[in-house]
Amino acid sequence: MAFNFDEVFNGMVSIFGNNLKEGGDEALAYGEKILAERKTSLENISKTYADKFTKLINQYKSELEDEKTTLESQLLAEEVIAKSAAQKAINETMDFLVGAVKKII
Amino acid sequence: MKIIMAYFRTKIIPLIILVVLSQLYFACGVQLVATYDPIAVNDIIQAYQEVDGFYQKLINTTENKREFKTFSTDYDKIETDLRILVLKNSARTLNKESTQIAKNILGLWQKYKQAHKETNSYDSDQLVIHRNRFFENFEAMTIAENAKPREKEK
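Protein chains in written order, with my numbering: chain A, 1 to 105; chain B, 1001 to 1154.
In isolation and in its complexed conformation, chain A is listed as follows (with noise of 0.2 Å):
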């Protein structure tokens, strides 16, 4: 039987043509899906850790809100300090007075 080397040759280009257009398909359809994935994949760790962060972010103003509350209480004790501080200077020049205007009396 005669080898027909253009048969064979043909044959041989097709199937290695056909697999080329496959695997290229395959390879085009691959690298549609990696691209689709990684977008998603993306929009939800952005989006986990823009949420995470949101809510640090929130906790920590409420903290420094509290903060403010503890301050405004310390600055009160002042108050009363100041006050009974001022009350018994009054009081006491008061006496002084007294004192004094008892003797003239």
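Hints are computed from structural coordinates only; laboratory data are not their basis.
Misleading hints may appear alongside valid ones.
[Stated by the list, open to error] Which chain A residues face chain B? A few, computed with CB under 7 Å, are given here:
| # | residue |
| --- | --- |
| 1 | S46 |
| 2 | A50 |
| 3 | T69 |
| 4 | T70 |
| 5 | S73 |
| 6 | Q74 |
| 7 | A77 |
| 8 | E79 |
| 9 | V80 |
| 10 | I81 |
| 11 | K83 |
| 12 | Q87 |
| 13 | I90 |
| 14 | N91 |
| 15 | V101 |
For each residue, glycine too, the CB sits at the ideal point set by N, CA and C.
Guided by the hints, dock chain B onto chain A, whose structure is given.
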């Protein structure tokens, strides 16, 4: 006559004014702030004991077991006691500073209770911060009470 009038104006009238003022002072005294009350100090310390004991209980519970329902009864009881602390302080005259500190403490308690209820958890780092914060507020209230004049100083 002029000499008598001048003497009256410079010596007698000021003396009369002084006598009247001193008698008024003697009757009323000057009061700028509420009088010290040892019972109030006890009330503050008791309330603080409850709050700090509650936080110790939370700290002793692992983070994943700090469900709100486990602590809700304690939350409610302590909130009532803190409201009573506000009420007792507001009933005393010239006591607005201590009343406001008590309101601050109650406000913080309600805020943290609500946050715990919403998240159904309590972060360990926040626990420490909040516990210290309550200590500082109660300390301010105690310092204010101890600074008030004693009854005999009026």
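Status of each hint after checking the structure:
1. Checking S46(A) against chain B: minimum C-beta separation of about 23 Å lies over 7 Å; hint violated.
2. With 7 Å as the threshold, the beta carbon of A50(A) stays out of range of chain B, its nearest partner Cβ sitting at about 19 Å, so the hint is violated.
3. Evaluation of the T69(A) hint against chain B yields a held restraint, the C-beta minimum of about 5 Å falling below 7 Å.
4. Checking T70(A) against chain B by beta carbon gives a least distance of about 5 Å; that is within 7 Å, so the hint holds.
5. For S73(A), the interface hint holds, the least distance from its beta-carbon to any beta-carbon of chain B being 4 Å, beneath 7 Å.
6. The restraint placing Q74(A) at the interface with chain B holds, with a minimum CB-CB distance near 5 Å, inside the 7 Å limit.
7. Hint status for A77(A): holds, given a least beta-carbon distance of 4 Å to chain B, under 7 Å.
8. Because the closest C-beta pair between E79(A) and chain B is about 5 Å apart, less than 7 Å, the hint holds.
9. Annotation: V80(A) was flagged as interfacial toward chain B, and the flag holds, the nearest CB pair being 4 Å apart, inside 7 Å.
10. At its closest, the beta carbon of I81(A) sits 4 Å from a beta carbon of chain B; the interface hint therefore holds under the 7 Å criterion.
11. A cut of 7 Å between beta carbons decides the hint on K83(A): the least distance to chain B is about 4 Å, and the hint holds.
12. Interface restraint check: Q87(A) against chain B, minimum CB-CB distance 4 Å, threshold 7 Å, status holds.
13. Taken as an interface hint, I90(A) checks out: its beta carbon lies about 5 Å from the nearest beta carbon of chain B, inside 7 Å.
14. A distance limit of 7 Å between C-beta atoms decides the matter here; for N91(A) the minimum to chain B is near 6 Å, and the interface restraint holds.
15. Here the hint on V101(A) is kept, as its CB sits about 5 Å from the closest CB of chain B, short of 7 Å.
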